[in-house]
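Engineer: Sequence:
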Amino acid sequence: MTEHTYNFGRISIYGSNIEDKYRFLLDSLNADVVITKGNYSYIIIDVEELDYRGAKYLYGVLTKFRPVQENPVVDVKKKTLSTDETEKQAVASAKFFVFIESQTLMAYRPIANKISDMQFKSSFSELIGEANNNFFVQVPVDAVNEELEIKESISILKKITKIIYNIRPSNPSSSPFWEPYDEDMKRLGIEKETRISESQKGIDPNELENDRRYMGIQMAADGYGKASIYGEKEDGSHVVISTEKMPITYTVIDHDEPVKILEQLHNKFLQISARTHHEE
Numbered sequence: 001m002t003e004h005t006y007n008f009g010r011i012s013i014y015g016s017n018i019e020d021k022y023r024f025l026l027d028s029l030n031a032d033v034v035i036t037k038g039n040y041s042y043i044i045i046d047v048e049e050l051d052y053r054g055a056k057y058l059y060g061v062l063t064k065f066r067p068v069q070e071n072p073v074v075d076v077k078k079k080t081l082s083t084d085e086t087e088k089q090a091v092a093s094a095k096f097f098v099f100i101e102s103q104t105l106m107a108y109r110p111i112a113n114k115i116s117d118m119q120f121k122s123s124f125s126e127l128i129g130e131a132n133n134n135f136f137v138q139v140p141v142d143a144v145n146e147e148l149e150i151k152e153s154i155s156i157l158k159k160i161t162k163i164i165y166n167i168r169p170s171n172p173s174s175s176p177f178w179e180p181y182d183e184d185m186k187r188l189g190i191e192k193e194t195r196i197s198e199s200q201k202g203i204d205p206n207e208l209e210n211d212r213r214y215m216g217i218q219m220a221a222d223g224y225g226k227a228s229i230y231g232e233k234e235d236g237s238h239v240v241i242s243t244e245k246m247p248i249t250y251t252v253i254d255h256d257e258p259v260k261i262l263e264q265l266h267n268k269f270l271q272i273s274a275r276t277h278h279e280e
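Start counting the sequence shown at 1; every next residue gets the next number (the working numbering).
Among the clues, some could well be false.
Derived Cβ-Cβ restraints for the label pairs, each shown as a range [said to hold, decoys possible]: (1) I156 x S273: 45 to 55 Å; (2) D27 x T5: 47 to 57 Å; (3) D27 x K192: 18 to 28 Å; (4) I13 x E263: 40 to 50 Å; (5) S16 x D51: 23 to 33 Å.
Please keep in mind that the hints were generated in silico from the structure rather than gathered at the bench. Ideal Cβ positions, reconstructed from N, Cα and C, are used throughout, including at glycine.
Model the full assembly from the supplied sequences, consistent with the hints where possible.
Structural biologist: Dropping the structure here:
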């Protein structure tokens, strides 16, 4: 039995006149589009609609391949050069599942040395954008983090010297903890907020929990952006806590049938979904 580890992220969909996220994503995933980065191209294949215990999912495979290339070939008998086409060669295929409910959560499988976590997220977003001609559509994918890991990592700091976060309003669910921040951004029509807080003296980690900046960090941890916390530990060492480096992961037994993998991921999807359970 082969085990594979899936990372969890959140897809945020921003664009005009997108009322049905399920239909938007299904049509986008099925679109005949390819993107090329350097020597490799990316495409989404094997898209399926899955229904598991009454929950709707979309399944697909992000595939990285080498485009067709014309290579010079020596014809020994004629003593000439001709060209030979090399077929599209698949380098790696990363399976993913999208949970379509009030939120759009995703589980995807990065492949070491072939499709990194960052490569998957950026390629997926670009393919969705390309499927819609990049016309007023943004579909970023951000990591969903273990809440306790972020909190515990901050708690061991002696002081915090810098906080940076980039967050977006939820779409549409929010957590009771950071709902006030989220609602303010929506009320003011803010599409993206970047905040940088620096202190040479140092911010007390214990005081941070009662501050609005902590709401911003938690929004990022819940998959609505990115956050980095720079600090110093008791021994004087300097550390950087990044939400991008602490994704929720889950290991499953691989299977040719997507639904067999989904059976193993389903409860984890529900657990993460419960973190931002408030409905508009």
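Engineer: At the C-beta level, are I13 and E263 separated by a distance inside 40 to 50 Å?
Structural biologist: The hinted range 40 to 50 Å is violated for I13 and E263, with Cβ atoms some 26 Å apart.
Engineer: For the hint 45 to 55 Å, verify it against the beta carbon of I156 and that of S273.
Structural biologist: violated (29 Å)
Engineer: Range first: 47 to 57 Å. Now tell me if the beta carbons of D27 and T5 are that far apart.
Structural biologist: 30 Å Cβ-Cβ, so the 47 to 57 Å window is violated.
Engineer: Take the C-beta atom of S16 and the C-beta atom of D51, compute their distance, and say whether it sits inside 23 to 33 Å.
Structural biologist: holds (29 Å)
Engineer: Does the Cβ distance between D27 and K192 fall inside 18 to 28 Å?
Structural biologist: holds (25 Å)
Comparing the model with each earlier hint shows violations of hints 1, 2 and 4; every other hint is respected.
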